[in-house]
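What follows is the residue order along each chain.
Number of protein chains: 2
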Amino acid sequence: MNEFELIAALTSELATGEGVVVGPGDDCAVVDGDGDREILLKTDAVVEGVHFERETDSRLVGRKALARCLSDIAAMGGSPRHALITLGLPDGFDPGYLKGVYAGLNELAKAHGVSVVGGETTNNGDRLFINIALTGEVEKGRAILRSGAQVGDAVFVSGELGGSLAGHHLKFEPRLKESSWLAAEFEVHSMIDVSDGLAGDLRHIARASGVGAELLETAVPISRSAKRRARDQISSKPPLLAALTDGEDFELLFTIVAAEAVNLLDGWQREFPDVKLSCVGKIVEGDGLRIKDRTGIRELTVEGFTHFAKN
Amino acid sequence: MNEFELIAALTSELATGEGVVVGPGDDCAVVDGDGDREILLKTDAVVEGVHFERETDSRLVGRKALARCLSDIAAMGGSPRHALITLGLPDGFDPGYLKGVYAGLNELAKAHGVSVVGGETTNNGDRLFINIALTGEVEKGRAILRSGAQVGDAVFVSGELGGSLAGHHLKFEPRLKESSWLAAEFEVHSMIDVSDGLAGDLRHIARASGVGAELLETAVPISRSAKRRARDQISSKPPLLAALTDGEDFELLFTIVAAEAVNLLDGWQREFPDVKLSCVGKIVEGDGLRIKDRTGIRELTVEGFTHFAKN
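Line by line, the protein sequences are chains X and D. Following my numbering, the numbering of the first sequence begins with 1 at its first residue and continues without gaps. Following my numbering, the numbering of the second sequence begins with 1 at its first residue and continues without gaps.
Think of the hints as simulated: they come from the structure by calculation, not from any bench. The structure presented is a predicted model; accordingly, all values stated were derived computationally and were not measured. We treat Cβ as the ideally placed atom computed from N, Cα and C, and that holds for glycine. Please note that a few of the clues may not be correct.
[Claimed, not checked] Partial chain X-side listing against chain D, Cβ under 7 Å, derived:
(1) G35
(2) F129
(3) A258
(4) A261
(5) N263
(6) L264
(7) G267
(8) Q269
(9) R270
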């Protein structure tokens, strides 16, 4: 049992009670509000040596810590409200670095109307640990879950994928505007933010919804930086593999009834001319993930990725 | 500038906006709810090597992580609702230890009607880092702040102080029942939980309220374990000093109008016969902290604590 299987097993036995609309397992938890809204709750951490390095620009580190949580609020179709910061400081930390962290975080908070209402500071030995707790809100019953995908849905993804290692993971724009527009204009059946790679996150949707999914290889939007990395660095992943499996793209991955696909693409292009939207596949009966290329359709298992190895 | 002064400076410039009733600086943040309630938000972490050791019973570690946050909700006169857990796991962590952490946390959550609605797991190098984000609720306008103390108030503290190092910090009962009763039956002017020692936390109240405070030395409830430690370990603090300055007592420290003091003591004893309540002093004009003993009244500055050194 690896650490994630263990956590999954442990979280299946957590204390729960009244007022919990959606518990562990989606991008955010959903709990009851008083009136016509529900409250979204999210917590997430970035850790030195894991999500950033000591040399990383401190403003981008603070920005990233909050941006990751904002992306999860977007993935529920919600709006962010209040944030709390927990800092685990390394021994002999640099005050200037910390100022940068706060500055980057604050700037992004202001841009999205988030109030930073408090936090806690402690020591963490040899590395900086930044935890963000974020609340959001959504109209009652309108949170978009991973579990709502239906057979026949078209699968869409925003932006371009595979660029995280080239710096996107520090500079991405959480897709809050896009998500709000989607939630208002369309009946989005399911949504997630792409944090584990397109393949991994589409699998999360499929599993939660009890369906299968089929990707169209030629439709996967591969970022220029993934292509460049593959060309320049012999050791890097082929670009399609990067787009399917690199984490931290933080794009929106969602499904809507196929009949609305053209309306959606039209409307999106008018609203967000600078943000790509791609229809990358469809929801099918059964389970698991398949990919269709010139040679046919095959299962996209974890082992299956070896297919994309350079040749 | 030390790290806490730095954080204080940084948090004075945080992004804020509509719907924030109380921002950084109290035991919890208070934000608007929809109806006749407000929402309390708290985040806090326990870190291996700081708040517990690798040898500490894992159930008590999980329990403590949540209990600290519950104590902060109690200090606002609120009721806890939903918790999120962020785990920073050390390399090569022990799955059995983690199960214990969850078990201890879950048990306390259930005892207080808290739903654990999600969380996040990441790596943290050489030590376990557990962050809890907790929400609570309170009747609109009824959150009890640090800033409401008034000249003439009597100062009360629950329980006994100075026992944290003897194990109390792992086993304390968050004073939620007591706090709810207080909030319902009395007009509590100000409240805080004792996490920095009686002197430090009373100073927080005094400063936030723009008043001074005077402690009565003989009234400070010193725990038996603090007395025992002082007797058995030549290197430990004198018991009064432990009661005034040891952190992690997690008792309620609050002020109410002096005319209600007797009613309060009577009512408390009926409701909570097993929990001591002590009137330890009064709120006075001016600022700072003073202590009255057989020899008179003197300022209780940080330096002043040397007075209590063993002799």
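Okay, the hints, checked on the actual structure:
1. Checking G35(X) against chain D: minimum C-beta separation of about 4 Å stays under 7 Å; hint holds.
2. Contact between F129(X) and chain D, as hinted, is supported at the beta carbon level, the nearest pair being about 6 Å apart and thus within 7 Å.
3. Because the beta carbon of A258(X) sits about 32 Å from the nearest beta carbon in chain D, more than 7 Å, this interface hint is broken.
4. The beta carbon of A261(X) is not positioned within 7 Å of any beta carbon in chain D (closest approach about 32 Å), and the interface hint is therefore violated.
5. Hint on N263(X) is violated. Least Cβ distance to chain D is approximately 33 Å, over the 7 Å limit.
6. This hint is violated: L264(X) has a C-beta 29 Å from the nearest C-beta of chain D, more than the 7 Å allowed.
7. Because the beta carbon of G267(X) sits about 30 Å from the nearest beta carbon in chain D, more than 7 Å, this interface hint is broken.
8. Restraint check, Q269(X) versus chain D: the minimum CB separation of about 32 Å is more than 7 Å; hint violated.
9. Because the smallest distance between the Cβ of R270(X) and any Cβ of chain D comes to about 30 Å, over 7 Å, the interface hint for this residue is violated.
Checked against the numbered hints above, the structure breaks hints 3, 4, 5, 6, 7, 8 and 9 and satisfies the rest.
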